[in-house]
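Trainee: The lines below spell out each chain.
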Amino acid sequence: MARLAAILKALWRAFQRGEKSIATLAGNNFFLVALLFLGKAGTFLFLIMGLVILFPLSTDPLRKIPPSRLGLWPLEKREMWLLRAISPWVNPMTWAIVALALWAARGRVTVGLWAMAAGLVAAGFVISELPLPRGATMWRRVPHFPGRLDQLVRKNLREMLSTLDFYCALLLSLSTALYRIFGPPLPPEALMAMTLLVVIALSSYAQCLFGLDGVGGWSRYGLLPLSAWRILAAKDAAFLVIVVVLSAPLAPLAGLGAALVALAMGRRSSVLDPRPQARWRFSAGASPVYGIGQIIAMAFAASSIFLTSWLIVFPCVALWAGSLWWYGQKMEEKELAA
Amino acid sequence: MISCRNLTRRYGDFTAVDNLNLEVETGAICVFLGPNGAGKSTTVKMLTGLLPPTSGTVEVCGLDAAANARELKRRIGVLPEDLGLFDDLTVEEHLHLTGAVYGLDRHETRRRTDQLLHTLSLEHGRHTFASACSHGMRKKTSFAMALLPSPQVLFLDEPFEAVDPVTSRIMRDLLQSAARRGVTIFLTAHILSVAEELATQVVMIRKGKIVWNSPAAELKQSLEAHYFDLVESPVVEDLEWLGSPPS
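Chains as they are written, first to last, in my numbering: chain A, 15 to 352; chain B, 37 to 283.
Source of the hints: derived by calculation from the structure; they are not laboratory data.
Mixed in with the good hints there might be a few duds.
[Unchecked claim] Keeping only pairs whose Cα atoms sit at most 30 Å apart, straight-line, the calculated DSS-like set for lysine-lysine is:
(1) LYS348/A <-> LYS243/B
(2) LYS91/A <-> LYS78/A
(3) LYS348/A <-> LYS245/B
(4) LYS91/A <-> LYS23/A
(5) LYS256/B <-> LYS245/B
(6) LYS78/A <-> LYS23/A
Given these sequences and hints, build the entire structure.
Mentor: Here it is as C-alpha cells:
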C-alpha cells in the first residue's frame, strides 16, 4: 500500500500543478460574457457553457503518469486495479458529479441535468484515454497563402484550430446559420449580436497570440531575418481568416471590425506579457478587467459598423495597423533586451 | 569572421560568461567545449544575436551583432539549443518556411529541401509534424534549416547529440566540405571524439572563462586527455548499494 500511496500523492501533486482549466476560464472573454450578461439566455447557451466548461476539466488524472513509466513500476495486479479505481477521485469533477447526484436524489436538480453533466464528464474521461491526433495532425490540410509568410500563417492557423475557443465560436456560428436557414426570420440586430458573440469567443486568443509557440518557437522568431511586425501580421492573418469564415453567414463587416479591434486591444498582452497556453483548452486572457475592456471596444466597433455605417471599418483598420507598427517596435526592443 | 571582445553575460549575481575574447578565422571549424552550465549555450546565443551581452562586443561577418541584428541573421545559420521548431509545422514545411524567409525562390527552395531531406535521411518523415518527430529527427530538421540558406557562418549547439551514427557521419562530412568552401563553423559538443575529428580550432570554457584556445594541431595530447586535465576530470564515487537485491 505504501507504493500506491506514494503514486497517488505524486499524482495529486502533478494534477494540481498541471490542471489550469479553471484558472484559464476566469480570463476567458466568452466565459466572462456568459457570466455577466447572458444569465437569462436560456438552455442553449447553458448547454454550450456546460460543454465548454465540463469537457476540458474532465481529464483522467492517470494520464499524468507516462505510460512507459507506469508499465515499468513493479506494481501488482491488485495495486493497478486500486490505482485505476482511486485515481479519478483526484479530479474534483468526480466529486462534483457525486454532489450533483445527491442533489438529484433530493430533487434539488433534475435527473436529466445530472445525466447530462455526468455524461459530459464521462465522455471527457473516455476521450482523454483515446490516442487522438494532436491539433496540428488533425489540421494537416490547411490552405496555402500568398507571400513568404505562407508557412507561418498556416502554422498560426493550426495553432488556433487546436484551441477550444475556435470550436465554441464554430458552434455558435453554425447554429445561427442553421437557424437562419430553417427557422423563422431573425431580426438583423440578432445577427449582429451573434456575430459579436462569435468574435468574443475567439477574442481571448488575441491576448495570447504566441501562447502555443513554445520556447522553440520564440527562439526561431528571434533567428528569422524578419521584422517583428511581419511576425505579428502572420498571427493576425490566421485570426482574421477564421473570423471572416465564421462571421460570413452572419454579419461579416461587423465581425471584421470587432476582430481588428480585438487584435489591437490584445496586442499589449500578446507582445509584452506572453503566457504559455495549453492545447484543447480555452485561451486564458491577461485578466478579467483587460477582457472586459476588450469586449466593450469590440461591441462598440461592431454595433457602430452595423447600425451606423460600414465606413467605420476604416478606423478599425487604422487602429489595428497602428498597433501592428507600435507593438512591432516594442517586440524588437524586447528581443534586444531579452 | 567571428570576433568577440570582453564578452560578458550576467544573470543577477551569477556571471554565465566572463570577459570572453575570441577570434575565429574564415573557413575554420571552431569546437567550443565545456561541462554542462559552463556558458557554452549562452555564448552561442550572444554570438547569434539571440541574447544581448551585459558588456562587450560581438562581430560576425564584419557586422556588429547588436547594431545589425537583422542583416546578421541573413548571413548566419543556427542550430539553437532548443532547436527552434514549431510543433504545428511538418519537417518539409520548416524548410519551405526557411527558404521563403531567406528570399530563395520556390524552385530553389524545393530543390534544396529535397536534397537536404535525402542527404539527412529525413525523406520518410518529411510530412511528419515536429511535435511527432523523434529528438533525432527534430535535430536533423533544425540542422537542415541552418544549412538551407547557404550561410557564411554556422553556429551549431550540440549538433551530434541524439543523432544516429550514419547521419552523424554525413553531418560531419557536410560540415567539413562547407568549411573547405569558406563557411566558418562554430559548434559546441560533448562527444570529444567527434570534436577531435572536426576541429581546426579548440576552445575550452569553464565557469564562464576560457581556459584553452588554440589551433587543434597544437594539442600535444588527445582532446579527451586535454579536456580532463584542463576542464574537469571524472571522479566516480562507489555506490556500494548498486548490485544489492531489490527490496
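Trainee: Decide, hint by hint, whether the structure agrees.
Mentor: Okay, the hints, checked on the actual structure:
The straight-line distance between the Cα atoms of LYS348/A and LYS243/B is roughly 28 Å, inside the 30 Å bound, and the hint therefore holds. Restraint check for LYS91/A and LYS78/A: satisfied, since their Cα atoms lie roughly 20 Å apart, inside the 30 Å limit. Taking the CA atoms of LYS348/A and LYS245/B, the gap is about 28 Å. The hint holds against a cut of 30 Å. In summary, the hint linking LYS91/A to LYS23/A is supported, as the alpha carbons are separated by about 19 Å, within the 30 Å threshold.
Taking the CA atoms of LYS256/B and LYS245/B, the gap is near 22 Å; set against the 30 Å cutoff, the hint holds. Taken as a hint, the LYS78/A and LYS23/A pair is honoured in the structure, with Cα atoms around 12 Å apart against an allowance of 30 Å.
Going through the hint list in order, the structure satisfies each hint without exception.
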